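Engineer: Chain by chain, the residues:
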Amino acid sequence: MIKSFRKRLGILGTVGPTVLWLAAFLMIPLIYVIGISFLTKNVYGGVDFTFTLSNYASLFQSEYAKVFLDSLWLSLETTVICLLVGYPFAYIIANAPKKWKPFLVLLLMLPFWTNSLIRTYGWNTLLRTEGIINHFLQWVGLTDHPLEMLYTDGAVLLGMVYALLPFTVLPIHTSIEKLDPSLLEAAGDLGAGRVHVFTRVILPLTMPGIFAGSIQTFIPSLGFFFISDMMGGAKTMYIGNLIKNQFLSARNWPLGAVLSIVLIVITLILMRLYTKVGSLEDMA
Amino acid sequence: MKQTRDKVIISLKDVDKSFEDERVVKRLNLEIEEGEFLTMLGPSGCGKTTTLRMIAGFEYPTSGQIFLEGMDVESKKPNERDVNTVFQNYALFPHMNVFDNIAFGLVEKKVKKDEIRRRVEEMIKLVRLDGLEKRMPSQMSGGQKQRVAIARALVNRPRVLLLDEPLGALDLKLRKQMQVELKHLQRRLGITFIYVTHDQEEALTMSDRIAVMNQGNLEQVGTPEEIYNHPKTKFVADFIGESNIIEGYIEEMDGDSIQVTMESGKARIHETGYRLEEMVYLCVRPENLKLATDSVEGFRFRGQVREHIFVGSINKTMVELPNGQMLKAETPAEDELIPVGTVVNVYWNPGKVVVMRTAEEQIYNVIEQSVEIEGMTNDQIF
Amino acid sequence: MKKRRKVREFKPGSVFYACLIYLFLYLPIFVVIAFSFNTSKMNITFEGFTFEWYGKMFENRQLMQSFFNTVIVAGVSTVISVIIGTLCALGLYKFEFKLKNALSSSLYIPIVIPELVFAIALLIFFTSLNISMNMATLIISHVTFSMPFVVITVRARLAGFDRSIEEAARDLGANEFRTFMRVTLPMISPGVLSGGMLALTMSLDDVVVSFFTAGPESTTLPLKILGMVRKGVSPDVNALSTLMIVGTIVILLTSTMIQGRLEKKM
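Taken in sequence, the protein lines are chains D, H and U. Those letters in the first sequence? Residues 472 to 755, by our numbering. Those letters in the second sequence? Residues 64 to 445, by our numbering. Those letters in the third sequence? Residues 48 to 313, by our numbering.
Note that these hints are calculated values from the structure, not bench results. No experiment lies behind these values; they were computed from the predicted model shown. C-beta atoms are modelled at their ideal positions from N, C-alpha and C, and glycine is treated no differently. Heads up, a few of these hints could be off.
Stated by the list, open to error - DSS-like cross-link-like pairs, simulated, lysine-lysine; straight-line CA separation at most 25 Å:
#: 1; chain 1: H; residue 1: 239; chain 2: D; residue 2: 478
#: 2; chain 1: U; residue 1: 145; chain 2: H; residue 2: 197
#: 3; chain 1: D; residue 1: 478; chain 2: U; residue 2: 311
#: 4; chain 1: D; residue 1: 706; chain 2: U; residue 2: 312
#: 5; chain 1: H; residue 1: 188; chain 2: H; residue 2: 176
#: 6; chain 1: D; residue 1: 570; chain 2: U; residue 2: 312
#: 7; chain 1: D; residue 1: 747; chain 2: U; residue 2: 103
#: 8; chain 1: D; residue 1: 478; chain 2: U; residue 2: 145
#: 9; chain 1: U; residue 1: 141; chain 2: D; residue 2: 478
#: 10; chain 1: H; residue 1: 197; chain 2: H; residue 2: 175
#: 11; chain 1: H; residue 1: 188; chain 2: H; residue 2: 239
Claimed, not checked - Which residues of chain U face chain H? A partial, calculated answer using Cβ under 8 Å:
#: 12; residue: 76
#: 13; residue: 103
#: 14; residue: 106
#: 15; residue: 108
#: 16; residue: 109
#: 17; residue: 111
#: 18; residue: 211
#: 19; residue: 214
#: 20; residue: 215
#: 21; residue: 218
#: 22; residue: 219
#: 23; residue: 220
#: 24; residue: 225
#: 25; residue: 228
#: 26; residue: 233
#: 27; residue: 275
Stated by the list, open to error - Covered stretches of chain U, as calculated for chain D (at least 3 residues, CB under 8 Å):
#: 28; region: 189-198
#: 29; region: 235-243
#: 30; region: 250-262
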């Protein structure tokens, strides 16, 4: 009896605070989101406690459908570019001379440690019409008039790829590190050429890293509204900006809640697909 | 070998331990004497480690009692018991060097600094780790870690030292060397050692007494000689050393001998105290099993030589009995071999066979005894 | 694959490619830093070198306030996250209980769902309770997303832990509290440190969650910059950002070194 009482006390004392915290500041708020998605917005920007499904119905309006498609397309582009650029990079780091490796990984981590908004602001400075890159291009003579680079869709894509590249590279790097070199030797020994060693051994074995990297790039990219704000000048509306606007300017909380739920659903579907090939632990 | 000081230091009374539904130790009764080297021997999962952990205080018996120097230790936590443990994987503190590891227990006891220094250094000398005081565990070999683990426990001058397969992770040569060292250490310090192992050879070389366990039961306790030469159960005979175990029943009894009939033959043995038609096992060590081309008095027991295996100083000869059972006989390498295929007479010299009751017979005997106690006869039951 | 891969050397192509990526990663950081030394008030062309902005930034009270807010929020939320997170990891390691699996998987929720969703959930939650956004709401929000990382890091450390090491301490006479202080805590300290650093980085890096849960008095530096970008940012912001970049990197490098030392010793 005394032992079980002490054990209970131990459990409460250790995991108790976390359970309370997650319940109060994660679970309940998420339930609020679901709840509010069924309520009606009132003229003052608040909500009335009248049940409605109309918020969900408005998802099928073509303007919102376009926002979703644009956002998913942007996230897909970001992920694919990050993979194409990041995989060779991860491979180079993983196969670098041993002496250099820790330094190269650290060099990859450093920008990751500094605030992403400040870094995006750096790009903003670079890409301005009167900015450094345009000056450089004109000085070299590649162009005689400044190019419109900032506040374009391309700039948004650049900002996304920039902010998320480390998230793609790190899991891939880990999975390449885990690769047993003798497997590659075995493949070579069995007659596979360089291309086949890659397609038949390296690629399949690093798939978990590729999946983890893609998920970690795709999901956050859906919500990074500040990048499109800073780089795209809000010309194209993305889901992140749309949600943000519902809470700040448009004051339509129920619609914002519905849009967030759509994001959660997309995340859950992706995670479900992901857990079929990898484990949650690889994500952290 | 056994010390004449017969003071009991640890006694286990009807100790039972279950993990959820699994009963791992079954009504264990065992007394351990002061200064002896007792080995708990058995296959993995037999309950030996659990028993050790109950003595150390890491587990509590589901029922029964454990006495340490006559005191029931049920309410005592591991840190309040006057025993120390050497763990299977050494369990050295990875963030402390050799000196601090060994000093750990003394610091807990609030021993004065200069005395700690003196006692730790003395221990370091004893286990021959001089000069390694500042090493971290990660920088040491398995053998060195083992010595630190032993020193760390012994420096507290425990009444009893518990060792949980301490040599299991070492390679064969080092293991042999450490066996000798441990035995010397124990003799010199006179501390009671309770040693857990699944290695029967280790148990035979080091122990004053061996307690053989199987499936939570204590099968037999005795000196290595008793355990080897007079196993009480089929399990002990089988587990300790190699044995030929042949099943049979008692066909005739006459004065001081019994005639046992087996599937493949008959043998006359000088033994008493059995019932007619009782099922028994005969246990003969390979070095005691003899083969002859001529017939041997008292035996009508034949088999066919199947194979010879040369293993250095001896030859192992495999003999197949008519029922298909294989017997193993060992002969010195210089002896002449009987050609493969020859039908031979199998026999043993008087006193070189152990007759054991089968498990059912043992239960039967227990019932019979308890029935007698209640003053009834067999007929009233059966 | 002509030779054994053991002998690794840089290939010129690889070096070029890696340099290009590193340039891509560092270019904007260099730009931010470079313009903090620019004499011109506009972040367009580099006209001359000056330390002027490093003095001027202290005069900009709002800017300094946002900087201190950033530091305070990061510091406090990291301390809270480390304490509850470590306790939780220990509980998950030590005890078996009914909702253990539910708890360990719900720890992944803040990690997996987009921060935006989580941010507006907190916004709705606080507003509906009539709590106006301030430093406390900001800190609470930061703890919620950084604490799971502490739990996971410390738990990973504990997973590679031989339970008999704690038993050995008990066996040698240490009670539960002494065992925790002398054995468990020192052994998990590298994990606690790296979990804490992760929490600190996440807090310093955060824009999305802060955007919704910070009040007018508790704006952080990144939010301040976000608000200024359209109108043009003055170089004193660059100066302060440079300080923040350098500060973060110094803290993290130091802790990485300490952590490396701690782990090497074990």
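Engineer: Next, verify each hint and record whether it holds.
Structural biologist: Here is how each hint holds up against the structure:
For the hint pairing residue 239/H with residue 478/D, the CA-to-CA distance comes to about 43 Å; that exceeds 25 Å, so the pair is violated. Pair hint residue 145/U plus residue 197/H does not hold up; C-alpha atoms about 45 Å apart against a cutoff of 25 Å. Restraint check: the Cα-Cα separation between residue 478/D and residue 311/U comes to about 34 Å, which exceeds 25 Å; the hinted pair is violated. A hinted pair counts as satisfied when its Cα atoms are at most 25 Å apart, and residue 706/D with residue 312/U does not qualify at roughly 55 Å.
Distance check on the hinted pair: residue 188/H and residue 176/H sit about 18 Å apart at the alpha-carbon level, within 25 Å; holds. About 21 Å separates the Cα atoms of residue 570/D and residue 312/U, which keeps this hinted pair within 25 Å; it holds. Pair hint residue 747/D plus residue 103/U does not hold up; C-alpha atoms about 55 Å apart against a cutoff of 25 Å. As the CA atoms of residue 478/D and residue 145/U are separated by approximately 13 Å, the hinted pair is consistent with the 25 Å bound.
The hinted pair formed by residue 141/U and residue 478/D meets the criterion: a straight-line CA distance of about 10 Å does not exceed 25 Å. A hinted pair counts as satisfied when its Cα atoms are at most 25 Å apart, and residue 197/H with residue 175/H qualifies at roughly 20 Å. A hinted pair counts as satisfied when its Cα atoms are at most 25 Å apart, and residue 188/H with residue 239/H qualifies at roughly 21 Å. Of the supplied interface hints, the one on residue 76/U is violated, with its beta-carbon coming no nearer than about 37 Å to a beta-carbon of chain H, more than 8 Å.
The interface hint given for residue 103/U is broken, as the beta carbon of that residue sits about 48 Å from the closest beta carbon of chain H, more than 8 Å. Taking 8 Å as the C-beta contact cut-off toward chain H, the hint placing residue 106/U at the interface is violated, the least distance being around 49 Å. Proximity of residue 108/U to chain H is violated relative to the hint, the smallest CB-CB distance being about 47 Å (cut-off 8 Å). Proximity of residue 109/U to chain H is violated relative to the hint, the smallest CB-CB distance being about 47 Å (cut-off 8 Å).
Interface restraint check for residue 111/U: the shortest CB-CB distance to chain H comes to about 42 Å, outside 8 Å, so the restraint is violated. Because the smallest distance between the Cβ of residue 211/U and any Cβ of chain H comes to about 4 Å, under 8 Å, the interface hint for this residue holds. Restraint check, residue 214/U versus chain H: the minimum CB separation of about 5 Å is within 8 Å; hint holds. Annotation: interface hint on residue 215/U holds; nearest CB of chain H at approximately 4 Å, less than 8 Å.
At its closest, the beta carbon of residue 218/U sits 5 Å from a beta carbon of chain H; the interface hint therefore holds under the 8 Å criterion. The closest approach between the C-beta of residue 219/U and any C-beta of chain H is roughly 4 Å, which is under the 8 Å cut-off, so the hint is satisfied. About 4 Å separates the beta-carbon of residue 220/U from the nearest beta-carbon of chain H, less than 8 Å, and the hint is met. Interface restraint check for residue 225/U: the shortest CB-CB distance to chain H comes to about 6 Å, inside 8 Å, so the restraint holds.
Look at residue 228/U: its Cβ only gets to about 11 Å from chain H, farther than 8 Å, so that hint breaks. Hint on residue 233/U holds. Least Cβ distance to chain H is approximately 5 Å, under the 8 Å limit. With a cut of 8 Å, the hint placing residue 275/U at the interface with chain H is violated, because the nearest CB-to-CB distance is about 48 Å. Restraint check on the region 189-198 of chain U versus chain D: 5 residues with Cβ-Cβ distances below 8 Å, three needed, restraint holds.
Counting residues of the region 235-243 of chain U whose beta carbon lies closer than 8 Å to any beta carbon of chain D gives 0, which falls below the threshold of three, so the coverage claim is violated. Residue count for the region 250-262 of chain U with a Cβ under 8 Å from a Cβ of chain D: 6. That meets the three needed, and the coverage hint holds.
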